[in-house]
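> Here are the chains, one letter per residue:
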Amino acid sequence: MAVKFLREKWFYLVLLLAAVTLPLVVTDRYIFQLAIMSLIFSIATLSLNLILGYTGQASLAHAGFFGIGAYGVGLMTKAGLSFWLALPLASFISALVGFLIGLPTLRTRGSYFAIATLCFGVIISIVIGNWVELTGGHTGLLGIPRPKIGSFEFSSQISQYYLVLAFLLLTLFVMHRLVHSLQGLSFMSVRNNEPLAEAVGINTFATKIISFMVANFFAGMAGGIYASLIGSISPSTASFNHTFNWLVYLLLGGAATLAGPILGAFAFPLLMEYLQFLEDYRLIIFGVLLIIVIIYFPRGLMGGIESLQHRIKTRYRLRKGDGKNVVTASGKSHQAV
Amino acid sequence: MSLLQVENLTKRFEGLVAVNDVTFNVDRGEILAIIGPNGAGKSSLFNLVSGILRPTSGRVFLEGQDITGLKPHRIAQMGITRTFQTTTLFNQLRVADNLAIGYRMRTASGFWSTIFHTRRWKEDREKTMARVLEVLDFIGMTDKAFDFVSTLSQEEQKRLAIGVALAGEPKAILLDEPTGGLIQEDTDGITQLIKKIKAAGITVCLIEHKMNMVMDLADRIVVLNYGNKLAEGTPGEISTNPAVIEAYLGREYVA
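For the protein sequence lines, the chains are A and B, in the order given.
With this note's numbering as the guide, the letters of the first sequence map in order to residues 1 to 337.
With this note's numbering as the guide, the letters of the second sequence map in order to residues 1 to 255.
Looking at chain A on its own, in the form it has when it is part of the complex (with noise of 0.2 Å):
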């Protein structure tokens, strides 16, 4: 564990410096806009991590739960509730409808979780989409108070990118000390080998509840924080588009690592602004390159920066003649999904 730590450390403070003297550097404001909605994204792919890369669970409603957490704080604020309130309280929402679909959905496994997911992640788009009094159906929640303390109020560009931050810090936080731990251990347990798992005594559904409900905290946040910053929302905010891209982001960057989804949550929507000239070609060279990203590093960017750093220290030792049972090292052995 501790071992692991020291090796992403220094990925941690070149992103740091690199997100605060971001704002020095961008100047153009569509750029900046973008990075901001990376931000936000990296929060939602960043708790899909948690119950896909480390638990091993495909929640294919993570959109979903992004989406309750923007209605919950979009109401809650034009009902005149601080978004200080409003962010939590939507927030336990979230991970609140995540128990109760939890409940039935985790007792399935593999792909027949991801089905049961993706159908309710429909659903609640549905249910946002026709629940007219409430949500404004399918014209949307218009007019959503930006973020306030005391009079000043997150109206400018930088002052919201800090902002994110701040809340991307909090869930990255959160996610390296429960990774990091006997918790996050037993995530991967599950992930790893459910049986074997159960059979030393840890209560797998247990675990795959806590996940899920912590990972549909944080979409929910990542909703909330959008609603309030965008001001509007629509139906289309719980779209399955969304997962799809956060789980693109997450393939790509690396599932299981902690700096994986935030690379992909700004390597991918940029490459996507640059590569425009190509217009819709552009998808088929994503989709090639995620065939190849999935065959040969089936723990992405970060997996595959890993697993060649292995790769290096293994031949080392070899070389060293120390490691005389090292006949198989290679990063293969610890795929994410």
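Here are a few chain A residues that face chain B, going by a calculated C-beta distance under 8 Å:
#1 VAL174
#2 ARG177
#3 LEU182
#4 GLN183
#5 LEU185
#6 SER189
#7 ASN193
#8 LEU196
#9 GLU198
#10 VAL200
#11 THR204
Covered, in the sense of this in silico footprint (three residues per stretch, anywhere, with C-beta under 8 Å from a C-beta of chain A), are these stretches of chain B:
#12 82 to 91
#13 107 to 114
In silico contact screen, one side only, chain A against chain B (beta carbon under 10 Å); selected entries:
#14 MET188
#15 ARG191
#16 PRO195
#17 HIS310
Derived by calculation from the structure, the hints in this document are not laboratory data.
Here a beta-carbon is modelled for each residue, glycine too, at the ideal position from N, C-alpha and C.
Starting from the structure of chain A, add chain B where the hints point.
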């Protein structure tokens, strides 16, 4: 009183009786071997005792307490852990992490204490580290603590699987073919380890095909055939029992 009592245990799959009205006791501190030809119901019996399968009828008692039909993790928490016939480990993780997961059920830190690093979390972490070191030493793999499972030899993986089951401080451990697929030299190593487990006061229940190993290790033997208990006794009694010899070697060998 016996540590583990199996009473009239029956498991019926559609059209097939895997385990039929089997009764036996496992005494505290002994090594009990369960032998029988392929398909005799040995692994099914383990699955019934460890809660992976629900029995059709019959009861299982641990220290007099009825544990029939409990979830596997509950049975593990009450003190029965097991290994599987095909070596199963957490093969994406390191050796030490595997053992820590084995001890996880003896720790209580959950979500909040993990987030806030409470005193309980710190105590749990120290307890776990101490236990992992202890088990590493016990199974003789201290130098492999930070290796990934995929880099271990077959024999080391078998050792580790036993270590994972031991880490949670069980009262009884069920070993399903702990030396399956190993060469003789490695088998001896595992045999020594099983003797060590017995010496540590842990009751062992063992499924094994290698007869010389069973005869060497077991205090008592239960023989299964087609789901029925064929015989029960000391290795000496079993090796001269005509019904056992017939089941194993065929009728013509019965002298």
